[in-house]
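S.K.: Please build the complex by placing chain B on the supplied structure of chain X, with the hints as guidance.
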Amino acid sequence: MSFAIETVGLTHYYSKGTISQVAAIENVNLQINKGELVGIIGHTGSGKSTLISHFNGLLKPDSGKILVDGVDIWKDKETLKNSRFKVGLCFQYPEYQLFEETVYKDIAFGPKNMKLSEGEIRERVLRAAEFTGVKAEHLNKSPFDLSGGEKRRVAIAGVMSMQPEVLIFDEPAAGLDPRGRADLINLIKNYRNQTGSTVIIVSHSMEDIAEMADRVIVMNKSSVAMQGSVDEVYSRGDELREMGLNVPEITEIFAKLRAKGIDVPANVYTVEQGAEILRNLMERRSVK
Amino acid sequence: MSEKIIEFENVTYIYETEDEDAPVAGFPALTDVNLTINKGEFVAVLGHNGSGKSTLAKLCNAILEPTKGTVTVKGIVPDTEEKADEVRRIVGMVFQNPDNQIVATIVEDDVAFGPENLGIEPSEIRRRVDDALKCVNMYEFRHREPHKLSGGQKQRVAIAGVIAMQTECIVLDEPTAMLDPKGREEVMNTVRRLNKEMGITVVTVTHFMDEAVQADRVVIMDGGRVVMQGTPKEVFSNVEKLRSYGLDVPQSTELCHVLGIKEGVLDVDECVDEIVRVMGGAL
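Heads up: the sequence lines are chains X and B, in that order. Each residue of the first sequence is one higher than the one before, starting from 9 at the first, in my numbering. Each residue of the second sequence is one higher than the one before, starting from 432 at the first, in my numbering.
Hints listed in this document are in silico derivations from the structure and should not be mistaken for laboratory results. A few of these clues could be false.
Claimed, not checked - With a straight-line Cα cutoff of 20 Å, these simulated SDA-like cross-link-like pairs (lysine to any residue) come out: (1) B/Lys613 <-> X/Arg249; (2) X/Lys264 <-> B/Asp704; (3) B/Lys613 <-> X/Ser57; (4) B/Lys613 <-> X/Glu280; (5) X/Lys264 <-> B/Asp641; (6) B/Lys613 <-> X/Asn254; (7) B/Lys470 <-> B/Glu438; (8) B/Lys505 <-> X/Asp178; (9) X/Lys268 <-> B/Asp641; (10) B/Lys672 <-> X/Ala190; (11) B/Lys470 <-> X/Ala190; (12) B/Lys693 <-> X/Glu280; (13) B/Lys435 <-> X/Asp178; (14) X/Lys264 <-> B/Val709.
Only a predicted model underlies this, so the values are computations on that prediction, with no experimental measurement involved.
This is chain X alone, in the form it adopts within the complex (with noise of 0.2 Å):
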């Protein structure tokens, strides 16, 4: 079975040819499973978005190799035109981007360039809006109208309506308050349990990664300095660290109480998990 996205070799560089050359991502190598969830970390700078831009052809990479669904995107023109429907990318502020006079043409924007039929298009729009959580009056408001919340819900629908099989989300949560942020965080799980689709989250934010992802692919100067499980990677905090990188606050309290003596794991990443072992391990000393 080929792999939902796999690159080979990987690399872009910015300002090629002059002085000023860099490498936003140099030599990357990853595969990505169907219906897997990952988590991209690193901080600004460290290439992320540049990668995940080359998930469906918004870049080209100056070596190397993109394949999605086992196909080489760059192999013709209809290939790379169909990577754009196969990889969905819902950007940063994707509420920024919103341009349509209602919102339900832009929602329908992405289903009307694949030449859908009328039908189907308003179908996917509706169910994108219903899962959304995008209310039905709103479809006809012109969508500077809404709130910022609900702005961003429609641009994810917008997104979700093409019915991507690898949905990429850039930063998902910026800006958002807490409360915002977790139903944020549901709605994306609830969407991949739903559909079974490939999901990539890329964030700087280790407690929303710890929450949602199967996997983790850590970015450090241009290249993919660690990946594997959440626990895998976050027990590599002072390294984490040195990428500029903070693990959860929770893991960081673990670790200090690992320090002192105190005889308690190391993979903790939520404060429910980190209650639940701390309640027993009280129990058991008062036991005694």
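M.R.: Using the frame of chain X, we list chain B on its own:
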């Protein structure tokens, strides 16, 4: 007694026009708000989206004018254009999006923009721009193009622009919302230093609880009203109440709360100490 710098008295604000930030026209964004900011204070304003916190920020330097009630800045009520200008010389503002507030193509020109508009002597402007850029650790970037800077660096340039106006108070509206962890830290360290070392009054609107923990006072907004205020310790001792306002608490606070160990724990070290204490020390 501490000296007041900004005072809100029974302030109500209703968006009437099609302002791009107006959530719902005709609906009060703020209702009957009373709030005093003292000179030299570091105040964090928290609240979920739509709670009225950005509206509150914009009323501080006369970008908005109250529908009812008064906002007084050092005794000045900005009810004329001249008085509004005077208020803006006392209270400077930094916004969320670093790309929307840069006006020049060279960093030092951008910082000089404010003082130039005040009609200040060129030699004095030079001195202020240099001082301001040193203050935010961006002096070595003075000849650079702002669009090539990182988000955190751009925000620090925006802050330098405010300092160069020699304002006594800075109001920041979610200054770190669009930044990565490193950028956030750079900006918050800068803001804290301005407050502690230069005595500049700081009002920061934020979603990040760890930023609020560093403030002298935390103000919680909900539904256009001030619903809670106090020291971070006092405010974060009410985990359930904060949740009901759609807010989180730092994970250290939450852990000690759910374990029933202690309320109002603010950082990792305090949390670790409390856990070790109830465990009766390490094994």
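S.K.: Give a verdict on every hint.
M.R.: Structure-based check of all given hints:
A threshold of 20 Å between alpha carbons decides the hint, and for lysine 613 of chain B with arginine 249 of chain X the separation of about 11 Å falls inside it, so the pair holds. For the hint linking lysine 264 of chain X to aspartate 704 of chain B, the alpha-carbon distance of about 10 Å falls within 20 Å, and the restraint holds. For the given pair, lysine 613 of chain B sits about 17 Å from serine 57 of chain X by alpha-carbon distance, which is consistent with the 20 Å threshold. The suggested pairing of lysine 613 of chain B with glutamate 280 of chain X is violated, with an alpha-carbon distance near 27 Å, which exceeds 20 Å.
For the hint pairing lysine 264 of chain X with aspartate 641 of chain B, the CA-to-CA distance comes to about 19 Å; that is within 20 Å, so the pair holds. Note on lysine 613 of chain B and asparagine 254 of chain X: the hinted pairing holds, with a Cα-Cα distance of about 9 Å set against a maximum of 20 Å. Of the supplied pair hints, the one linking lysine 470 of chain B and glutamate 438 of chain B holds, its CA atoms being roughly 11 Å apart against a limit of 20 Å. Between lysine 505 of chain B and aspartate 178 of chain X the CA atoms are separated by roughly 44 Å; this puts the pair beyond 20 Å, and the hint is violated.
A hinted pair counts as satisfied when its Cα atoms are at most 20 Å apart, and lysine 268 of chain X with aspartate 641 of chain B does not qualify at roughly 24 Å. This hinted pair checks out: lysine 672 of chain B and alanine 190 of chain X have alpha carbons roughly 18 Å apart, not beyond 20 Å. Distance check on the hinted pair: lysine 470 of chain B and alanine 190 of chain X sit about 37 Å apart at the alpha-carbon level, beyond 20 Å; violated. As the CA atoms of lysine 693 of chain B and glutamate 280 of chain X are separated by approximately 17 Å, the hinted pair is consistent with the 20 Å bound.
Restraint check: the Cα-Cα separation between lysine 435 of chain B and aspartate 178 of chain X comes to about 43 Å, which exceeds 20 Å; the hinted pair is violated. A threshold of 20 Å between alpha carbons decides the hint, and for lysine 264 of chain X with valine 709 of chain B the separation of about 15 Å falls inside it, so the pair holds.
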